[in-house]
Each structure stands twice: as structure tokens, then as C-alpha cells.
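Chemist: If you want the building blocks of each chain, they are given just below.
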Amino acid sequence: MSLSEGTRPRHVPDRLTSRSQRVLRSWEALLIGVAVLIFIANTQASPYFLNPWNLSDATFNFTEKAMIGFAMALLIISGEIDLSVAGIIALASTAMGYALQFGIGTPGLVAIGLGVGLLCGAFNGVLVTRLGLPSIVVTIGTMSLFRGIAYIVLGDEAYNGYPSSFAYFGQGYVFWVISFELVVFLILALIYGILLHATNFGRRIYVIGNNPTAAVFSGVRVQRIKMTLFLLTGLMSGVAAICLTSRLGSTRPSIAYAWELEIVTMVVLGGVSILGGSGSILGVVIAALVMGMVTFGLGLLNVPGIVMSIFIGALLIGVIALPRLIALLRARRA
Amino acid sequence: MAPKDYSPRAAADTAAPVLELRGISKSFPGVKALSDVALELRPGEVTALIGENGAGKSTLVKILTGIYQPDEGEIRVDGEPMRFATATAAADAGVTAIHQETVLFDELSVGENIFLGHAPHTRLGLMDWARMNREATAILDRVGARIDPTIPLRELGIANKHLVAIARALSVEARVVVMDEPTAALSQKEIEELYELVERLKAEGKAILFISHKFDEVFRIADRYTVFRDGEMVGAGRLDETSEDRLVELMVGRSVDQIFPQRHPVLGGEVLKVVGYSHPTEFADINFTLRKGEILGFYGLVGAGRSEFMQALFGVTRPSKGAIRIDGKVAVIRSPTEAIAQGIVYVPEDRGKQGAITALPIFQNVTLPSLDRTSRSGFLRMAEEFRLAREYTQRLDLRAASLDQDVGNLSGGNQQKVVIAKWLATKPKVIILDEPTKGIDVGSKAAVHEFMAELAAEGLSVIMVSSEIPEILGMSDRVIVMREGRMAAEYDRADLTPETLVRAAAGLEEAA
Numbered sequence: 001m002s003l004s005e006g007t008r009p010r011h012v013p014d015r016l017t018s019r020s021q022r023v024l025r026s027w028e029a030l031l032i033g034v035a036v037l038i039f040i041a042n043t044q045a046s047p048y049f050l051n052p053w054n055l056s057d058a059t060f061n062f063t064e065k066a067m068i069g070f071a072m073a074l075l076i077i078s079g080e081i082d083l084s085v086a087g088i089i090a091l092a093s094t095a096m097g098y099a100l101q102f103g104i105g106t107p108g109l110v111a112i113g114l115g116v117g118l119l120c121g122a123f124n125g126v127l128v129t130r131l132g133l134p135s136i137v138v139t140i141g142t143m144s145l146f147r148g149i150a151y152i153v154l155g156d157e158a159y160n161g162y163p164s165s166f167a168y169f170g171q172g173y174v175f176w177v178i179s180f181e182l183v184v185f186l187i188l189a190l191i192y193g194i195l196l197h198a199t200n201f202g203r204r205i206y207v208i209g210n211n212p213t214a215a216v217f218s219g220v221r222v223q224r225i226k227m228t229l230f231l232l233t234g235l236m237s238g239v240a241a242i243c244l245t246s247r248l249g250s251t252r253p254s255i256a257y258a259w260e261l262e263i264v265t266m267v268v269l270g271g272v273s274i275l276g277g278s279g280s281i282l283g284v285v286i287a288a289l290v291m292g293m294v295t296f297g298l299g300l301l302n303v304p305g306i307v308m309s310i311f312i313g314a315l316l317i318g319v320i321a322l323p324r325l326i327a328l329l330r331a332r333r334a
Numbered sequence: 001m002a003p004k005d006y007s008p009r010a011a012a013d014t015a016a017p018v019l020e021l022r023g024i025s026k027s028f029p030g031v032k033a034l035s036d037v038a039l040e041l042r043p044g045e046v047t048a049l050i051g052e053n054g055a056g057k058s059t060l061v062k063i064l065t066g067i068y069q070p071d072e073g074e075i076r077v078d079g080e081p082m083r084f085a086t087a088t089a090a091a092d093a094g095v096t097a098i099h100q101e102t103v104l105f106d107e108l109s110v111g112e113n114i115f116l117g118h119a120p121h122t123r124l125g126l127m128d129w130a131r132m133n134r135e136a137t138a139i140l141d142r143v144g145a146r147i148d149p150t151i152p153l154r155e156l157g158i159a160n161k162h163l164v165a166i167a168r169a170l171s172v173e174a175r176v177v178v179m180d181e182p183t184a185a186l187s188q189k190e191i192e193e194l195y196e197l198v199e200r201l202k203a204e205g206k207a208i209l210f211i212s213h214k215f216d217e218v219f220r221i222a223d224r225y226t227v228f229r230d231g232e233m234v235g236a237g238r239l240d241e242t243s244e245d246r247l248v249e250l251m252v253g254r255s256v257d258q259i260f261p262q263r264h265p266v267l268g269g270e271v272l273k274v275v276g277y278s279h280p281t282e283f284a285d286i287n288f289t290l291r292k293g294e295i296l297g298f299y300g301l302v303g304a305g306r307s308e309f310m311q312a313l314f315g316v317t318r319p320s321k322g323a324i325r326i327d328g329k330v331a332v333i334r335s336p337t338e339a340i341a342q343g344i345v346y347v348p349e350d351r352g353k354q355g356a357i358t359a360l361p362i363f364q365n366v367t368l369p370s371l372d373r374t375s376r377s378g379f380l381r382m383a384e385e386f387r388l389a390r391e392y393t394q395r396l397d398l399r400a401a402s403l404d405q406d407v408g409n410l411s412g413g414n415q416q417k418v419v420i421a422k423w424l425a426t427k428p429k430v431i432i433l434d435e436p437t438k439g440i441d442v443g444s445k446a447a448v449h450e451f452m453a454e455l456a457a458e459g460l461s462v463i464m465v466s467s468e469i470p471e472i473l474g475m476s477d478r479v480i481v482m483r484e485g486r487m488a489a490e491y492d493r494a495d496l497t498p499e500t501l502v503r504a505a506a507g508l509e510e511a512a
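Protein chains in written order, with full-length UniProt numbering: chain A, 1 to 334; chain B, 1 to 512.
No wet-lab data here; the hints were simulated from the structure.
Keep in mind it's a predicted model, so treat the numbers as computed, not measured.
Glycine included, each C-beta is placed from N, C-alpha and C at the ideal position.
Treat each hint with caution, since some may be false.
As the list claims (entries may be wrong) - Here are some, though not all, of the chain B residues that point toward chain A, as calculated from beta-carbon distances under 7 Å:
#1 Phe215
#2 Pro336
#3 Ile340
Kindly produce the complete structure, drawing on both the sequences and the hints.
Modeler: Here it is in C-alpha cells:
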């Protein structure tokens, strides 16, 4: 009878659903569907789309943003956000252009780009983790601060004349149509995927995002991990600044203007909860592809930029609302 | 419908029920919350609903108030089958519920709270304040509350808020009043007043469902009882035909005297010594030693500084003064990370906020502080994690669908087992349990107690903060009583009676 059953230890299995089952039902699967649809729509809409060089060009629409997007995903999963990333690009690019005036070569420029990124990340991180300020407020402030410095230094001017060796980062091809940026994007995707999903560090990021208090009570060094994430985001902004400056061949203070919103959009579209605690790098990768293809496809059709942003906005809301709508319809039918 | 063990006389002796539930079942993914339960509520009678946490009482209340829909069974009002499709439908049928989380609005006035949704209006469609306050005063008089209906609700204490909730129930002409642990947060005097009020509602012919954990109050005010266990109705009848022991037996499914495990403590050497621990505001001058295999109880009233001290010991906050020794060596603890490294772990009182990460699976909760051991050079090893989680959850007899299940889907007792398993997996020297059985069901409680005894027998030192006198008396080898942030007294278990404990905590010792 049921009483004796209650006293015997029960067998508790490890998992009920296999991982492959989970992936099939996941957000990522939905996104892949969307990506395929957009791909097909693009091939129908423009005969130029399937050209390998055109497709290669299309990747530049997302590679630099996605580099930052990976680090941003980790930061958002941990419950923080960095809206100053585009400001960091402007400041890092300006610093590189300034150094250029003194004849500093490519290795020096790269070091300066990465260094400024790290410093900016450290500044954000200290304000958030040491002073306990909310990151959204801190980074809205530093967003204007960093870009403001770029405007003061440059005004209406632009830095030009980057050395030809510097051009490789944004304009070089590793093999056939495979650009240097695309390779960096893929390697970073792999590194961040492993970091988030296969290490103790990644596990702790989820823990912090889900319950920062319980994380502290479990011996997780919450502030140290958050500091690391701000540093990573700053560093990635530095990497993106190098690639973008190299690709454009010049620095203006308006460089990468409003990218922070596109990057956050990419991360959220990728299934990362804006409230923290959940999301995956795979999702961000697919979201990057989707956004890149949409932008490029619309570009091929000569759709003006403002319409593109309307489309991206509608896509974000649509994809996020879709699962909720399906759930609502199911509930109504039941 | 399967016949239940009603008392054969039950049907004959009173009025027809206002509200009847028949064959009600309700399932949630993975859990059968209610299985074929029945309930009858009659006018002018108080029916006590008794059961452990997780027995299905709250699910039943939610079905009664239209928040959940039953999967099977029917609800009859005055013999007519009804569906409580929404909370409004239940309210219209005259069912109203009062519980700790009753929705009241702090920023609105008492009168507005009472008449929210059915406030009297003038012909112009504006609020008729004068009439509302007049009627509110009349209703408040009926419940024996002298409260000015114009003051904002936030200015009232918890007891008066309950009265406002009851007044609200009366204002909608409720016929069935569900009271879900209404005395949980009340003082003795306020409880007495509530009892009087229940009597008055009874006299007015209301049918009352009274949910409580406390047997004395059940016997004091209820006429009938219904006992739930694991979602099933295991007994019902008249209270004057049963006994406390019988009810406990029904609830727990076994006899009562097993509740605390037999212990034969063999104490070893000193493990932890605390000297003069102080905090600027929360506690001062705490001194004690803890021996290997000892269970040290910390008793005191809420706010005596026990949790605050424990959190300082665990490194969440820092003491302003004082020192500790672990195994005879001076130790400094500045963070939980350092405390864990030194072998001190803390199972917090606030399980949902500080203990468990409810949105993550069981195995990830268990391995969290042990990740450095289950991983290899920083990389996760899932197989190791499952092994460790399995080892410790099995020892605690965790009930779950799988180790991959989110902790948030477990009952309170099982969540607590996950948190304890998490800390045992770190192989600590000292485990601090802060109200370890608060809000968990009797069965899990006994499991936690048994386990605590087992751990102490294996040589772990346990500090147990508890506000439950039976738990303190049943488990501790030694007891420290705290009062207003200081150590008020220290007793060996042998010298201790419930009375000395209560006197020391309340500061009455000197008078004795």
C-alpha cells in the first residue's frame, strides 16, 4: 500500500528528455526555421543573392556586431547590460587614429584598440561592481561619455591613412570568399560557446542571472565574475573597433552609431532573456545570420535604411511574440 | 464516486450543505495535486481542513475561489451544479477567501478596500464617499473592529488587515468564507479576537472552511474536520468524535512518537570556537564552542539576531569585532567562498531567495559549490555532476521526476533537501541550519531531523537555528538562547524544559 511505498528510496533518473529532443523544441530550432525562410525569400527576391561574393559581403553586416554580441549575451544572462559598446568602438577607433598621427604601426594600433576597449570595460565594471550602481544607468552614461570624448578629439575631422597592413583585419580574405572577419566570428562563436556552456565560469553566469543572492550564499564570487564580463565586453568592443576601422579605412566620431541597440536586438532575438538567466550562444549566432541576411536582402532590393530598421523591429517583436501566441491559442483550444 | 469514510451520522444531523465538492481531481505536469476529494460546507458550521504542506489544501482553495479549474468532479452550490470559471464567478456564488496574501491595496483607504469593485456611486457616476464610509463603518462594527474607514490601509497592522479582509467578505454577502491559516502572523490577543469573529460569522449562518496547522485552534473553533494527505481525502467527521492523536496519525500516516529520532551523541574535540563576535547593530559578544558530532540549538524570538549572527559566521556580512578558531587554528572568514573553503556552510532560512536557484535543475543546484571538484581544469563534466548529485540526493531520499527537473517544481520539503544536499556535497565540518524545517511538511520534517541526527553521528557539527520549541528540545545537545542580539542563556539539553526556554527568550529569567 501507499504507506510502505513512501518509506522506500525511490529511483530518480538523471534526465527524462534527451538533449536532442530539447534542441528540437527549442528557440534555436524556431530561429533556424526563420533563417531558412528568409534565405529562400532572398533567393526569390534577387537573382544576385546566391552569388558567393555577394553572400560573403553579406557577412560583414553582422560579423563585427556579433563579436560584441557574444560577450553581451554573457553579460545579459548574468543580469547586467552594457549599452556603451558603440561608444567604446568610437573611443577605441579615435585612439587608434590619434596614435596613427605619431607614426605608430599596425601592432601598436591593435594594442591600443584592445587596450582602450579593456579600459572602458574596466571603468563600467568598477562602477557597477564596486559602487553597486545599476549597469543600465552606468552604461547609458558612459555611452555618451565615450563617444563624447571622440567628438571632442575629432570634431568634424576624420582620421585617414591607416597603413596597408592594418587593412587586412577588415578587408582581408583568409581563403577564397572567406573573410578574416568571418573567421574571427566563427572562432569567437566557438570560444564563447564553450565558455558559456561547458565551463564552471559559464555555469556561474547562469546562476548569477537566475538568483544573485543565492549565488552569493553558494560561494560564487558574483562581483568578480561580473567584472570579468564587463572586461570581456570592453575587449570585444575593441576587437570590433579594429575590424570596423580597418574595413572603413577611416575614423569618424559617428562610427558605429546606435550599434548598441542592434547588438542588444541580436542577443534578444537569439533567445537570451533580457531579464537574465537563460540563453545560448548558438541562438546568438543564428540571430546574427538572420539579421545579416535580412539587411543584405533588403539592400539588394534597394530598400532604404529606415524601412530596414522597421523590418528588423517587426522581426524582433514577431519572433518573440510567436511562441507566446501559439501558447495562447493552444490554451484557448483546450 | 468512491464512498469515503464519512461518519454515518454526518448526513443526518444538520442543514443541507451550501457548498459541495464531489470527486474533485486536479493534476499539474508530473503531480497529482488532488485526487477524488470531496468536501461539504454547511451554514453555521466551521469545517477545519487539515493536512501537511503539499497535501493539496492550497489547490483546493484555488479551485474554490475559481483560480484553478478541476480536471474532474463537480461543485454544487445549494445542490445546483456550478462552474467556477473565474474568480468573479466564485465570488458571485458567495465564496470568498481570506489568506495571508489576500489582495488588499496598501495605498487605498480601508473603505475603498472593503468596497473595491462594488463601491456605491452617486447618480452622476462618481464615488459616493459618504455612503461608502458609513456602510464601511457599519460592516467594521459587525466584525468588532474599530477602524476609521478613511485611513489608508498601510497604516494598519496585520491583524487589522485581516479584519478588513473579513469586512470585505461580508460586504459582498459571502455565504462561504475560506480562511487559509488566518492566525499565522497574529499575536495571541489578536488570535482570540479572530476566534470571536469566527463565532460571530458562524452565528450569522456563514459556512466556514478553516485551514490550519495548529491543532489547539482547530479543536477550539471547528465543528468538523477533513484531513488531506498527498492530495487524497483520508478522513472526515465531527471533531468531538476524534482526538488530536488520531488526526496527526491521519495526516502523517504513522504514529506520532517517531517524530524525533533517538540519538546517542558521542562528542569529539572542539571544532569551532567563537570569541566575542560582534556587529555594529545586529548582535554583540557571542561566545561559544562547538564540538565534533554536536548539535547546538540557537533559540530566540524572531529578531533576536540569530540569523544575522549566522550570516556573519558564514561571511555574508563581516563582524566588527571577534575571532574564530577552526580546529584550534585562528581563521578569518570574509566571504561565503572562504567559509566554504574552511568547512563552514549555511542553509539559509529563506530557501527561495538565498538557498535554491529555482529556475535551474536539481543537479546544477547540488553541484554549484562543488564545481571545482566535479570539473576538470574549469571544464564541466556532466557525468561527474550527476554522480555527485545522485549520491547526495539519494541519501536525503529526494522525491523528484528526474535530477534534470527544475528545483522550482519541487515541494518545499524537497527543495530543502536539495539545498542540504548541495552543502553536504562540499563535505563540511560545520553545517548551520537556519530554521531547517520551516514551511515544509511533516514527513519531510521528520526526514530532515533524522538526517540531522545521522550527520551528527557521523561526526559533523550542526548549528541549528529554530523557533520551534519541540524541534530545539528534540534535536539539540546544547541550546543557546539569544535575546536582542546577545546570548541570554546557555543550557545543556538535560537541564532544559520548554518553560525555561521561553522565559530566557522573553527575558523573564531574572524574575524566576
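Chemist: Take the hints in turn and mark each one as holding or not.
Modeler: Hints versus structure:
1. Phe215: 22 Å, violated
2. Pro336: Status holds, d = 5 Å.
3. Ile340: 4 Å, holds
Hint compliance for this structure: hint 1 alone is broken.
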